[in-house]
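Q: Take a look at the letters that make up each chain.
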Amino acid sequence: MTSTTDQVAGLDDLAATTLLRFATAGSVDDGKSTLVGRLLHDSKSVLTDQMEAVEAVSAQRGQEAPDLALLTDGLRAEREQGITIDVAYRYFATARRRFILADTPGHVQYTRNMVTGASTADLAVVLVDARNGVIEQTRRHAAVAALLRVPHVVLAVNKMDLVGYQESVFAAIAEEFTAYASDLGVPEITAIPISALAGDNVVEPSANMDWYGGPTVLEHLETVPVSHDLTACPARFPVQYVIRPQSAEHPDYRGYAGQIASGVLRVGEAVTVLPSGRTSVIEGIDALGESVDIAWAPQSVTVRLKDDIDISRGDLIAPSANAPATTQDVVATVCHVADQPLSVGARVLIKHTTRTVKAIVKEIPSRLTLDDLSQHPEPGQLVANDIGLVVVRTAEPLALDAYADSRRTGSFLLIDPADGTTLAAGMAGESFASKAETTVQPDDEGWDF
Amino acid sequence: MTTTVAHVHGETDAPYALSHLDALESEAVHIFREVAGEFEKPVILFSGGKDSIVMLHLALKAFAPAPVPFALLHVDTGHNFPEVLEYRDRTVAEHGLRLHVASVQDYIDAGKLRERPDGTRNPLQTVPLTEAIQQLKFDAVFGGGRRDEEKARAKERVFSLRDEFSQWDPRRQRPELWQLYNGRHAPGEHVRVFPLSNWTELDVWQYIAREGIELPEIYFAHEREVFKRNGMWLTAGEWGGPKESETPETRLIRYRTVGDMSCTGAVDSDAVTLDAVIAEIAVSRLTERGATRADDKMSEAAMEDRKREGYF
Numbered sequence: 001m002t003s004t005t006d007q008v009a010g011l012d013d014l015a016a017t018t019l020l021r022f023a024t025a026g027s028v029d030d031g032k033s034t035l036v037g038r039l040l041h042d043s044k045s046v047l048t049d050q051m052e053a054v055e056a057v058s059a060q061r062g063q064e065a066p067d068l069a070l071l072t073d074g075l076r077a078e079r080e081q082g083i084t085i086d087v088a089y090r091y092f093a094t095a096r097r098r099f100i101l102a103d104t105p106g107h108v109q110y111t112r113n114m115v116t117g118a119s120t121a122d123l124a125v126v127l128v129d130a131r132n133g134v135i136e137q138t139r140r141h142a143a144v145a146a147l148l149r150v151p152h153v154v155l156a157v158n159k160m161d162l163v164g165y166q167e168s169v170f171a172a173i174a175e176e177f178t179a180y181a182s183d184l185g186v187p188e189i190t191a192i193p194i195s196a197l198a199g200d201n202v203v204e205p206s207a208n209m210d211w212y213g214g215p216t217v218l219e220h221l222e223t224v225p226v227s228h229d230l231t232a233c234p235a236r237f238p239v240q241y242v243i244r245p246q247s248a249e250h251p252d253y254r255g256y257a258g259q260i261a262s263g264v265l266r267v268g269e270a271v272t273v274l275p276s277g278r279t280s281v282i283e284g285i286d287a288l289g290e291s292v293d294i295a296w297a298p299q300s301v302t303v304r305l306k307d308d309i310d311i312s313r314g315d316l317i318a319p320s321a322n323a324p325a326t327t328q329d330v331v332a333t334v335c336h337v338a339d340q341p342l343s344v345g346a347r348v349l350i351k352h353t354t355r356t357v358k359a360i361v362k363e364i365p366s367r368l369t370l371d372d373l374s375q376h377p378e379p380g381q382l383v384a385n386d387i388g389l390v391v392v393r394t395a396e397p398l399a400l401d402a403y404a405d406s407r408r409t410g411s412f413l414l415i416d417p418a419d420g421t422t423l424a425a426g427m428a429g430e431s432f433a434s435k436a437e438t439t440v441q442p443d444d445e446g447w448d449f
Numbered sequence: 450m451t452t453t454v455a456h457v458h459g460e461t462d463a464p465y466a467l468s469h470l471d472a473l474e475s476e477a478v479h480i481f482r483e484v485a486g487e488f489e490k491p492v493i494l495f496s497g498g499k500d501s502i503v504m505l506h507l508a509l510k511a512f513a514p515a516p517v518p519f520a521l522l523h524v525d526t527g528h529n530f531p532e533v534l535e536y537r538d539r540t541v542a543e544h545g546l547r548l549h550v551a552s553v554q555d556y557i558d559a560g561k562l563r564e565r566p567d568g569t570r571n572p573l574q575t576v577p578l579t580e581a582i583q584q585l586k587f588d589a590v591f592g593g594g595r596r597d598e599e600k601a602r603a604k605e606r607v608f609s610l611r612d613e614f615s616q617w618d619p620r621r622q623r624p625e626l627w628q629l630y631n632g633r634h635a636p637g638e639h640v641r642v643f644p645l646s647n648w649t650e651l652d653v654w655q656y657i658a659r660e661g662i663e664l665p666e667i668y669f670a671h672e673r674e675v676f677k678r679n680g681m682w683l684t685a686g687e688w689g690g691p692k693e694s695e696t697p698e699t700r701l702i703r704y705r706t707v708g709d710m711s712c713t714g715a716v717d718s719d720a721v722t723l724d725a726v727i728a729e730i731a732v733s734r735l736t737e738r739g740a741t742r743a744d745d746k747m748s749e750a751a752m753e754d755r756k757r758e759g760y761f
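As you go down the protein sequences, you meet chains A and B in turn. Quick note on numbering: my numbering labels position 6 of the first sequence as 6, and the sequence is numbered without any gaps. Add 449 to the 1-based position in the second sequence for my numbering, that's all there is to it.
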C-alpha cells in the first residue's frame with residue numbers, strides 16, 4: 001500500500017520509478033476536481049503553502065470548505081469565472097511511479113481539450129456519476145479515447161456513496177460502458193467503483209464495497225504497463241537534426257539525431273531512408289553519450305550509418321524489412337482545434353514527425369457526431385471541436401503509418417501557413433475506430449475486476 | 450554480438466521500459482533538437498541556477514560530440530550572488546560558449562528603469578530581457594520554467610508563442626498535440642521553449658545527482674550572514690539589506706532557488722551533499738517558490754501577470 005512515508009526512499013529507489021502519462025475526463029459535476037484533488041493530496045503533492053493559499057481564497061469568498069478546484073484552476077479568468085479554460089498538467093509521485101496528469105476541462109470546448117490531453121496519454125480516466133450512469137458526455141469521452149488510441153481506459157464510477165454502494169448499480173454501468181467502448185475499439189477497460197469525496201477505492205480500498213475485489217484507482221495507475229505499444233511496432237526513426245562536429249577530434253562524425261518514434265533499433269540492422277529509398281546499415285547508436293547496440297522508443301539517440309548518404313531533417317529511417325510506404329494522398333480523421341474553419345480547397349501545411357510540407361485539403365467526405373457516432377456526408381467545412389474525415393494532397397511524399405499502428409508516426413498537424421495557427425490534429429487512416437471489426441458481444445466478464 | 454542494455458533501472462514493466470528520469474531526459478533532448486532544426490537563432494536563458502544548469506547539461510548531451518549550437522543569455526539583476534556569477538563565467542569558458550548579458554543595473558543607470566520602493570529587482574528583469582531578445586533577434590528562447598512551480602506555469606505550453614512585445618496570452622495558446630511542436634511565428638515574434646516543463650523539483654535534483662552535475666556552492670548548507678524580511682532569510686550585502694530595523698545574524702542555510710538577492714530567501718539546512726538535499730526536499734511541506742520567492746507572494750496572480758508582460 002502506498003503511504004507518504006514511502007516518499008523518503010533512497011536515491012536509487014526513487015530513480016527506479018517509471019513514468020505514466022494519463023488524462024482525466026468527466027462532465028461538470030462528476031467530481032473530477034475532487035478525484036484529482038484527492039490523488040494529489042494523498043500522494044503528498046499538495047504542499048502546505050499551496051493548501052494555505054486555497055484555504056485563504058476559499059475563506060475570502062465565503063466558502064465553508066477549501067475549494068480543491070482552486071488547486072487546478074491557475075489563471076485569473078478561471079478563478080473569476082469558476083471554470084477551467086484549458087488543459088493543465090499536474091505532477092505527482094508515489095514510491096512506485098511518477099505521474100503526469102493532463103487535467104482536461106469537461107465542459108468547455110471539450111473535444112479539442114480532451115484530444116490534446118489524450119494525445120500523449122497512456123491511460124484515460126473517464127468519470128461517471130453513479131446516479132446518472134452512462135450519459136451522452138460519457139459516450140463522447142469513450143469515443144475520443146478510442147479515436148486517439150489511448151491504450152488503457154479506466155471507468156471510474158463515482159459517487160457510489162450516493163447509491164448505497166450497491167454492486168448492481170456499478171455492474172450495470174460498467175457493463176453498458178464496456179460494451180460501448182469495446183465496440184469502439186478501446187483495447188483495455190478497467191471499471192472501478194469509487195467515491196472521490198469519501199475516499200472509497202481512490203487510494204485506499206473501500207470498506208463499504210467488499211463485493212469489489214479489484215484495484216483502487218491509484219493501485220491501477222501504479223501497475224498498468226506503459227510503453228509496450230511503442231516497442232512492439234516496427235522501428236521508426238524520424239531524423240531531427242544532423243550532427244557534424246567537423247572538429248579535429250571528430251573530423252568524420254556524421255550522426256542523425258532523433259527520438260525513436262516506435263520500435264527497436266539495433267546496430268548491424270539494414271535500414272531504408274525515406275522518402276529517398278536509399279539503403280544502408282546501422283553502424284553505431286549513441287544514446288546521449290553512451291555507445292549502445294540496441295535502443296528503443298522513446299529514447300533520444302544519434303544513429304550513425306555505414307554509408308555516407310544524403311540525409312537531412314524530415315527524413316525517416318526504418319528497417320528495410322519493414323519500411324512504411326510513402327504517399328502524397330493522405331486520408332485521415334482530424335479533430336479541428338482552431339477557431340477559424342477548415343474548408344475544402346484550403347492550402348495548409350502538414351507537420352508530420354520532423355517534416356513540414358505544403359498541402360491542400362481536397363475533400364472533407366464526412367463529419368462525425370460523437371454523440372451517436374453518425375456520419376454527416378460532405379459538410380464542406382469543419383469548425384472548432386468537429387471531428388471529420390479529410391483527404392489531403394501533399395506537395396512532397398510522406399512516410400506515414402496508419403494511426404492505428406503508430407500514434408507517433410500516424411499523427412500530424414494541419415497548420416495555417418498565413419499565421420501559423422494549429423488548425424487540426426490528424427490521425428492517418430480510413431476508419432474512426434475499428435467499429436466494424438469489433439463486433440464481439442462482451443459478457444459479464446467483459447470488464448476487468 | 451554483445452547486447453548493451455542501457456538505462457534500465459530496477460523495477461520496470463517491460464524489457465523496453467525507461468525509467469522516469471530517462472523518459473524526461475529523452476523528451477527534453479527531443480525538444481532541444483526540434484528547436485535547433487526549426488529556428489534561426491535560439492538562445493538559452495542561463496542564470497546559473499539549477500534548472501538552467503540542467504538545461505545546459507541536456508543541450509551538451511543533445512548535440513555531442515558537436516558543440517551546443519546556441520548562445521546563452523543572462524539577465525543580470527545587479528544583485529546576483531557572486532558565487533553564481535563565478536560559476537556562470539567558469540562554465541561559459543569551460544564549454545567554449547557565447548554569453549550575452551542583459552543588465553538591469555545598466556537600465557537603472559541610464560534612467561530607463563526605476564528602482565522599486567521594496568528594492569526587489571526581479572520584476573525589473575522583464576524589460577532588459579525582452580529588449581535583448583528584440584535587439585539580438587532571437588527567435589527561440591529556452592527557459593528553465595517547470596509546470597510544477599506555480600499554477601499559472603501549469604498552463605504553459607512547451608512551445609509558447611510570444612508576440613512582438615513578448616507577451617503571453619493564456620487564452621490564445623496553441624493546443625500541443627503528441628510530440629508535434631508548432632514553432633511557426635511571424636517576424637518580430639518569438640517562441641519561449643520550456644524543455645523542463647514536465648520535470649518536478651525532485652526530478653531536477655535526482656537528475657543532477659545521477660549525472661554528477663556541479664552546482665554553485667550556495668545550493669548546499671553553509672554559514673552566511675542573513676537577516677529576516679517578510680518571513681524570509683535574505684543575504685546581507687551591499688544590494689540594500691539589512692535596514693536599520695533588521696538585524697543580521699549568521700545562520701547555517703542553503704538556497705533552494707537562485708535568483709536576485711533581494712527576493713530569494715534561504716532555508717535553514719544542514720544538507721551538505723546531494724543525497725542530503727534530496728532527502729530534505731522529499732519531506733519538505735513547502736513548494737520551492739513558496740519557501741523562497743518573495744515576488745510570487747505579491748498577489749494571487751503575480752506569476753501570471755509577470756508572464757503576460759514577457760517574463761519567463
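Hints were generated in silico from the structure; no laboratory data involved. By construction, the Cβ of each residue, glycine as well, lies at the ideal position given by its N, Cα and C atoms. Just so you know, not all the hints are guaranteed correct.
Stated by the list, open to error - Pair by pair, the computed Cβ-Cβ distance ranges are:
id : chain 1 : residue 1 : chain 2 : residue 2 : range
1  : B       : 613       : A       : 162       : 52 to 58 Å
2  : A       : 306       : B       : 660       : 30 to 36 Å
3  : B       : 532       : A       : 341       : 55 to 61 Å
4  : B       : 583       : A       : 232       : 23 to 29 Å
5  : A       : 52        : B       : 699       : 26 to 32 Å
6  : B       : 674       : A       : 225       : 52 to 58 Å
7  : A       : 197       : B       : 721       : 55 to 61 Å
Stated by the list, open to error - In the EDC-like style, the derived pairs of lysine to aspartate or glutamate whose C-alpha atoms are separated by at most 20 Å in a straight line are:
id : chain 1 : residue 1 : chain 2 : residue 2
8  : B       : 677       : A       : 49
9  : B       : 490       : B       : 613
10 : A       : 44        : B       : 613
Q: Going back to the hint list, which numbers does this structure go against?
A: Hints 4, 7 and 10 not satisfied by this model.
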